[in-house]
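Residue numbers (the working numbering), protein chains in the order written: chain A, 1 to 827; chain B, 1 to 229.
Some clues are possibly wrong.
[Claimed, not checked] Within a straight-line C-alpha distance of at most 27 Å, the following computed DSS-like cross-link-like pairs (lysine-lysine) qualify:
1. B:K132 / A:K816
2. B:K161 / A:K816
3. B:K7 / A:K817
4. B:K223 / A:K816
5. B:K132 / A:K404
6. A:K741 / B:K161
7. A:K741 / B:K132
8. B:K71 / A:K817
9. A:K404 / B:K161
10. B:K132 / A:K744
[Unchecked claim] Derived list of chain B stretches under chain A, where covered just means 3 residues or more per stretch with a C-beta under 8 Å from a C-beta of chain A:
11. 6 to 20
12. 97 to 106
Don't read these hints as lab results, they were simulated from the structure.
Backbone N, C-alpha and C fix where the C-beta goes; we use that ideal spot for every residue, glycine too.
Chain by chain, the residues:
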Amino acid sequence: MFRNNNQKVIHKIAKASLLANKRKNVMMIAAICLSAFMIFCIFTVGGTWFQMKNAQDIRLNGGQFDAWLYGGFTKEQKIQCETSKNVEAVGAAGFCAYGEKTQYDDTLHTIFKWADQTYWNKIQKSARTTMKGYYPEKENEVLVTKDALKDCGFKNLGIGDSFQITYVDAKGSHTKKFVISGLWDGYGEKTTFYISKAFFDHTGYRLSDYGRGFLYVKFKSPIVTGKMQNELRQRMHLGEKQSLMFTGDTAQSVEIAAGMAGLVLVVCFSAYLLIYNILYLSVSGNIRYYGLMQTVGMTEKQIYQLIQKQMVWIGGIGIAGGIGFGTAVSFFLIPEIVKTLGIRQADIHVLFHPMIFLFSIFLTAFTIYLSSWKPAKMAMQISPVEAMGYRGISGKRKLHKTGKGNVLWRMAKEQLTKDKKKSMVVILSLGASLSVFLCLTTLIESQGARTIVSNYMDADMVLYNDTVKKEDLKDWKQLFDDDFFKTIKKEKGIKEAHAMLSQKIIVPWEPDFAEIWMSKMYDKWVDAPYEKEDYQKNPQNYFSFLIGIDEKEFQYLNSTLEQPVSGKDFKAGKVCILYRNGLKLKDSDIKNKKVKFLLDQNKKESYKLRVGSMTDDNYYANMGIGPTLIASDKFVQNIVREPYVSKITIQYKEEYDKETESVLKNAMNQSHFKKDFSYESKIDEVRAVKKAQGNMMGIGIGMAVLLAFIGVMNYINTVSGNIQSRQTEMAVMESVGMTEKQVKKMLVLEGILFAGSSVLFTGTIGLGITYFLYQSMNYRQIPFEIPVLPILVMILLITFICIVIPQVSYRMICGKKSIVERIRCVE
Amino acid sequence: MESWIVKTEALKKYYKLGDNTVKALDGVNFYVKEGEFVAIIGKSGSGKSTLLHMVGGLDIPTAGEVFIDGKQLSKLRKEQLAIFRRRNVGFIFQNYNLVPDLNIYENIILPIELDGGPIDHVFIGEILELLKLNEKREALPNTLSGGQQQRVAIARALAAKPAIILADEPTGNLDTGTSHDVMGLLKMAAKRYQQTIVLITHDQDMAQLADRIVRIEDGKIVKGSDYDV
Chain A
1 MFRNNNQKVI HKIAKASLLA NKRKNVMMIA AICLSAFMIF CIFTVGGTWF QMKNAQDIRL
61 NGGQFDAWLY GGFTKEQKIQ CETSKNVEAV GAAGFCAYGE KTQYDDTLHT IFKWADQTYW
121 NKIQKSARTT MKGYYPEKEN EVLVTKDALK DCGFKNLGIG DSFQITYVDA KGSHTKKFVI
181 SGLWDGYGEK TTFYISKAFF DHTGYRLSDY GRGFLYVKFK SPIVTGKMQN ELRQRMHLGE
241 KQSLMFTGDT AQSVEIAAGM AGLVLVVCFS AYLLIYNILY LSVSGNIRYY GLMQTVGMTE
301 KQIYQLIQKQ MVWIGGIGIA GGIGFGTAVS FFLIPEIVKT LGIRQADIHV LFHPMIFLFS
361 IFLTAFTIYL SSWKPAKMAM QISPVEAMGY RGISGKRKLH KTGKGNVLWR MAKEQLTKDK
421 KKSMVVILSL GASLSVFLCL TTLIESQGAR TIVSNYMDAD MVLYNDTVKK EDLKDWKQLF
481 DDDFFKTIKK EKGIKEAHAM LSQKIIVPWE PDFAEIWMSK MYDKWVDAPY EKEDYQKNPQ
541 NYFSFLIGID EKEFQYLNST LEQPVSGKDF KAGKVCILYR NGLKLKDSDI KNKKVKFLLD
601 QNKKESYKLR VGSMTDDNYY ANMGIGPTLI ASDKFVQNIV REPYVSKITI QYKEEYDKET
661 ESVLKNAMNQ SHFKKDFSYE SKIDEVRAVK KAQGNMMGIG IGMAVLLAFI GVMNYINTVS
721 GNIQSRQTEM AVMESVGMTE KQVKKMLVLE GILFAGSSVL FTGTIGLGIT YFLYQSMNYR
781 QIPFEIPVLP ILVMILLITF ICIVIPQVSY RMICGKKSIV ERIRCVE
Chain B
1 MESWIVKTEA LKKYYKLGDN TVKALDGVNF YVKEGEFVAI IGKSGSGKST LLHMVGGLDI
61 PTAGEVFIDG KQLSKLRKEQ LAIFRRRNVG FIFQNYNLVP DLNIYENIIL PIELDGGPID
121 HVFIGEILEL LKLNEKREAL PNTLSGGQQQ RVAIARALAA KPAIILADEP TGNLDTGTSH
181 DVMGLLKMAA KRYQQTIVLI THDQDMAQLA DRIVRIEDGK IVKGSDYDV
């Protein structure tokens, strides 16, 4: 058979039809353009968001690793780790000393750490922003940060300079001169002196010692499954005190990947709906034209080819435009916007990947193919006569019960139920974007710096007396003296302040409580065997602390306890709360047992407190190996003449009140004991987290808004198409006496029904999905909370749009034409 | 003096079509007495439908006035015009123009419902009976034949008990037998409810059923116009 060369005429007709329906085609190109743009933007912006989230995690963790081993490690374990097929890199580090004093300061926080080449060059590298000099090689060399130097009281030291410091290692206290070999800055623990292997070996510690050696593991794949985690754990044959911990992202990587895939699917679905809607409307609007073509002899195949050809041209222009526009927005507009928001340009790295280009093109093209298939089939199958009378009415139903109630409400409802599939598409699209908005804002809110940073009792500032960390009571100083308290009382911005009293105590051996505590303590935290006889003979070496808290703090603490204690007994000094310190203590081990203790400065008199309950809050963690007891401040003041205040927890009247904070900082700076203070400020922490996050929030919000835009566009084109196809019907109703006001009211009611259904969808299914996604990504255990304000604004906005769009479409489509003209559209 | 229920004065309707001006109506004076059945005949494009639309307040004239039952339509605002229409005018179109989403009964009572008035179910029942639509009350328009749809359109036009019924080629899409049935029903109903009918047709046979025939050509009435002028 010879092939009939009719492609030329098809080509000609396709071209003519494209040119003749300019307005319609421009609409279609715009829809495809928008979809391609959205898919491209979502991938680029989403990719950038995840990249930035990754950067945030690296910065918060202080390096790029998936797991770390705590509790020392053996050579064999390291080898096992390195030879695992899933592992890319294994870095080792060892803590071997801490700074005791320098000529400028005697309350230091700086530790000495050694890191192997893998750790320094691979794991930690991504958390560094600057590095000058080199990693220490000689025993007296040290690599520092400005923060570590500042903590020790050194100013203006640089590479090549030297300083003297007293440090404590396994062998005791030493004073030594160090030369600075390098200076780094970046994220993570910065009050650290990195030292050479030679120095580490001299400290008397080994990497296998408990609390000294650490392994940092980076996996090859970004998704680390539970199976991979278990495999590594099994290979390493962990000892009792060792624990292998996975970073939040790694532990949940499968869930996070699933969540991401879900998000991408929703986006693709929304884009699909957008194109489908507009193509469907366009082709079904052209049905009479295709019928006409059939009457003049065009075959089904030729009609399909005609539609296909037009789609290729329209799709090509639309996709090219969309991706071009997307590129401009992603690479020029977003960085510009972010820059105007005050974020340094260096922080913005928009993800560029050729796969995103290809994938966006493929996805949009596939969507066009899918969404044009059904209308094309419709055009092919319709008979010429049917086509001539085609009015876009779905006529599957035969009967319809006579409705009751207001006629406008009934007709509005009818619009929603008439073509259930179409209504579902619109509701689903609006609901999907609203749901994604809900999901993203909930996730973003939970990732907000202020949510991540939450302190004990929601304190704005915690002031520490560093001298109470010293072993010798003679070195303790009363930093928070009367003058200081006067300053706090005077400051109007402070809502409340709670002083914590600390008293060093000795709990002598006895079989009922002290014995149980000490044996469990050694099991868990001490790398040496428990020597009962030594404890019995020298209980002063096994000191601990008695902590005094005020009534309000007690009430707070008591409310967090599984088994609260009697407030009366606590106040009367009969009962205390024990800090568990991570020990495996059962209720029966401690409940109602009496702890006997002596004061460090007066060992003759002994006191007894009944243990009422236990707390796990490490806010009460203290030095010493004995049990830390929490009692009422009145009780502590009764037995100790002038108890030391170890920390003050302050809440401001207004959260994040910078003025009050600066008053407090000034008070500390003006004190004689300036160097012995330290503090934790919520404002500072929020700032640090914000810095670590870069512009993650902005990008996330941008993404949510983009999605909402897709939903709204879907609604706009469906509704305008709907009104376009209903203009005759509306003109008929107007001819029999429907006033313009009534038409508008009917459209408003329709809008309200659409908006209401979408909100209902979001409130049920959307909320469920959001909750699931949230919990699967919620490794920080942040409580689920819906950001009410943005959601409320979004709902109002959607309702507003749903009401306004039909009005505007009606005005645009029907506004200028008389009833007769509109009725004639089909005649 | 005669009581004119419909009266037009020097009614003009001009359209722009490219560079040309089409004079659809060119100074028409048209009068209809209360209870009268008037047929307007003319060729396609002669302006008969335009005249009907002007009389029904569906379109706005370029010049001239339309009075219905003494009310000057140009003095009514759009909103008032719609209300006036649903209370005083019943339309029957060639294409039936039923609302596809509403069933037969809902279509018929639509003008009354839009007006918010009470529905005289007995009266509607009577119309349904008269037009033989009783069994189709809950059917949707697209399931009915052309003749049935046109009967529904007639029922709708009668439902609000309007003073005037304007019918634009109501039998244009129907076969001869059905056409006669429909016309018979229309005439009978109008008579029973004392309504005035203005019918447009190009079918001479149908026109013969009317009390008076008006011929229109090129936008001007050429026969049966100046009734008493």
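So, going through the hints one by one against the coordinates:
Restraint check: the Cα-Cα separation between B:K132 and A:K816 comes to about 39 Å, which exceeds 27 Å; the hinted pair is violated. Of the supplied pair hints, the one linking B:K161 and A:K816 is violated, its CA atoms being roughly 31 Å apart against a limit of 27 Å. Restraint check: the Cα-Cα separation between B:K7 and A:K817 comes to about 25 Å, which is no more than 27 Å; the hinted pair holds. Taken as a hint, the B:K223 and A:K816 pair is broken in the structure, with Cα atoms around 35 Å apart against an allowance of 27 Å.
Under the criterion of a C-alpha separation no larger than 27 Å, the hint pairing B:K132 with A:K404 is consistent with the structure, at around 24 Å. Of the pairs offered as hints, the one joining A:K741 and B:K161 holds, with about 23 Å between alpha carbons and a cut-off of 27 Å not exceeded. For the suggested pair A:K741 and B:K132, the alpha carbons sit about 34 Å apart, so the restraint of at most 27 Å is broken. As the CA atoms of B:K71 and A:K817 are separated by approximately 24 Å, the hinted pair is consistent with the 27 Å bound.
With a C-alpha separation of about 22 Å, the suggested pair A:K404 and B:K161 falls inside the 27 Å cut-off, and the hint holds. About 35 Å separates the Cα atoms of B:K132 and A:K744, which puts this hinted pair outside 27 Å; it is violated. Check on the region 6 to 20 of chain B: 0 of its residues sit with their Cβ under 8 Å from a Cβ of chain A, so the three-residue criterion for coverage is violated. Check result for the region 97 to 106 of chain B against chain A: holds, 9 residues qualifying (beta carbon to beta carbon below 8 Å, three or more required).
Checked against the numbered hints listed earlier, the structure breaks hints 1, 2, 4, 7, 10, 11; every other hint is satisfied.
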